[in-house]
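A.B. asks: These are the residues of each chain, in order.
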Amino acid sequence: MSDYTKYTKQEMQAYAIAKNIKENQIVIVGTGLPLIGASLAKRAVCPSCHPIVESGLMDCDPVEVPRSVGDNRFMAHCAVQWPNIRFVGFEANEWLHDEDRLVAFIGGAQIDPYGNVNSTCIFGKGDYLQPTTRFTGSGGANGIATYCNTIIMMQHQKRRFIDHVDYITSCGWMDGPGGRERAGLPGNRGPQMVVTDLGIMKFDEETKRMYLAYYYPFSSPEMVQENTGFEVDVSRAQLMEGPSPEIIKLIREEIDPGQAFIKVPKE
Amino acid sequence: MNKVYTLHDAVAKFVEDGDVLAIGGFTTNRKPYATVSEILRQGKKDFIVYAGPGGGEVDMLIGEGRVAAYINCYTANSGYTNVSRRFRAAIEQGKLTYEDYSQDVLMLMLHAASLGLPFLPVRLMQGSGLMKYWGISEEKRKTMPKLENLKCAEIENPMVPGQKVVAVPVPKFDTAIIHVQQASPDGTCIICGDEFHDIDIAVAARKTIVTCEEIVSNEFIRRDPTKTRIFGECVQAVVKAPYGAWPSQCYDYYDDDDAGLKEYDKASKYQDAEDAKAQLAKAAAKAEKAAAAKPEDAKLADAAAKAKKAAEDAAAGVKIPETFKDYLEKWVYSCEDQAALLDKIGGSRLMRLKNEPHLGYSTTH
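From first to last, the protein sequence lines stand for chains A and B.
When you line the first sequence up against this note's numbering, it's residues 1 to 267, in that order.
When you line the second sequence up against this note's numbering, it's residues 268 to 632, in that order.
FYI, nobody ran anything at the bench for these hints, they're computed from the structure.
Cβ atoms here follow ideal geometry from the backbone N, Cα and C, with glycine treated the same way.
It cannot be assumed that every hint is accurate.
As the list claims (entries may be wrong) - Which bits of chain B does chain A cover? Going by a derived footprint, with three or more residues having C-beta under 8 Å, they are: (1) 356 to 367; (2) 572 to 580.
Unchecked claim - In silico PhoX-like links for lysine-lysine, alpha-carbon gap of 20 Å or less: (3) A/263 x B/529; (4) B/544 x B/270; (5) B/399 x B/439; (6) A/125 x B/553.
What the hints assert, rightly or not - Label pairs and their calculated CB-CB ranges: (7) A/59 x B/583: 38 to 46 Å; (8) B/617 x A/186: 30 to 38 Å; (9) B/540 x A/9: 25 to 33 Å; (10) A/181 x B/361: 48 to 56 Å; (11) A/43 x B/625: 15 to 23 Å.
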């Protein structure tokens, strides 16, 4: 598709990610959309950011899109090849030093109104020991959600946005104000927003509950509520403009030309 | 001292049934597939497995029923298989004894083992299901002498009154298996690229088996000690196994094998022929139901017809898709050793995987 004025939901999501990365931030990315978003930030929107991955590879600038966080593609184009434990220590020390430079992208299968995320299993008809659907497990997400501010990436579906998640893999604001402190977690860290294919949710400063902050040119507040399994405040929602043709061209021609993570429609 | 063994002899001598096994590498990078394959061929079993972030190598051990308990933090061939399929099936069918830790905690546990610590305090997993749910109960743990009695325990930090921290056990490993780029006969290892947790487990384990791309002399490996990463006295066996991490990556040497990992992804959907028949029949019934619900939808009708044909072909034994068992027969059991495996993969395919030095990966993998 050589028409760069048209873009897909995923491209909008990648752009939304890039737009939310700030100057000089250290950005913890995984593979997939967050990596595309961070690459876009690094090349066009916010070149002063430093992408790092949980395997311990710091300041990554891959030429070709990596498939895993331990990929040779990250390893060959980064500043430092640390083992994972150094990454864990770095993340904890950033909090101990009261530095506010880290932001992390995590994903999941289920999320509740307070941003608690499940990426372990869906109990379904079973339980934790024998669930209906089992996923990989935590990976680095639990530690990241403990010590860092997070941006959560989700597909916006009713069955994913639910009142209570089966299993909390990565803690959000727990049960509301003071919830993190009560659980023994740093209270001054937590989920900042949820970027979905329909919009951007943020968390109310007082109640810590999710609300709709932005919808996209192809979505609406009504669509967001319809696809959310709990009441979500849409009264503060604003329209976020879509990406320019230059941005779309950059994603398709330079960042992910092999369409490893962003598929471009054929028409 | 010369510690060079054949792969067969190293595994025969240093891997025992019931061992606590620590596996090096990271999902699809520098995973010791050659040694795992030899363990499978020799029928060894009943392991308690730690793999850090695991991938196909753990999935193969689980699918073959060799794992008594798996201590998990993440299991997937990232970018190829979202969740390793035999791991997933074993849990969903209630057939796997397992424990979940966060990756941070598990990797710190491996590091603590290398430091010889008695237990490990962390400020992680608090408030999460990782503390609330135990895969292996205290009662069951007490029947497993090689596993600590507790998954974790919230305690007060004796240095900071009132502060809650989480104590986790420090594992004791019988055998570590890792794959490195170069090793010498005395056991000294060079690891290029990220070390992952490989040094930690090599130090912590009673026995360490190292497979390597190249064996170099004890003198040569000492020419530049800034590159050597593992002290030879931590190593019991050195095995020359070129492409010993195949189909995963090995930094400076080769990329992952796209075709190999895709083949495993497809094949591991089905445990064996019976499982394939059952799953295809189930899929056909589901597609038929979907088509019946929307009789006007030609696409659904077409999909139902295709699913029906696939199920019938499988049931009649005309065409059964490749299964996990087939994959293992082809790439593990029918290969006597690593040389036989390389012959089967083929020269041109192996050459395509070679890293391009200016990029650090292959553009033709």
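A.B. asks: Looking at the structure, which of the earlier hints fail to hold?
C.D. replies: The structure breaks hints 2, 4, 5, 7, 8, 9, 10; every other hint is satisfied.
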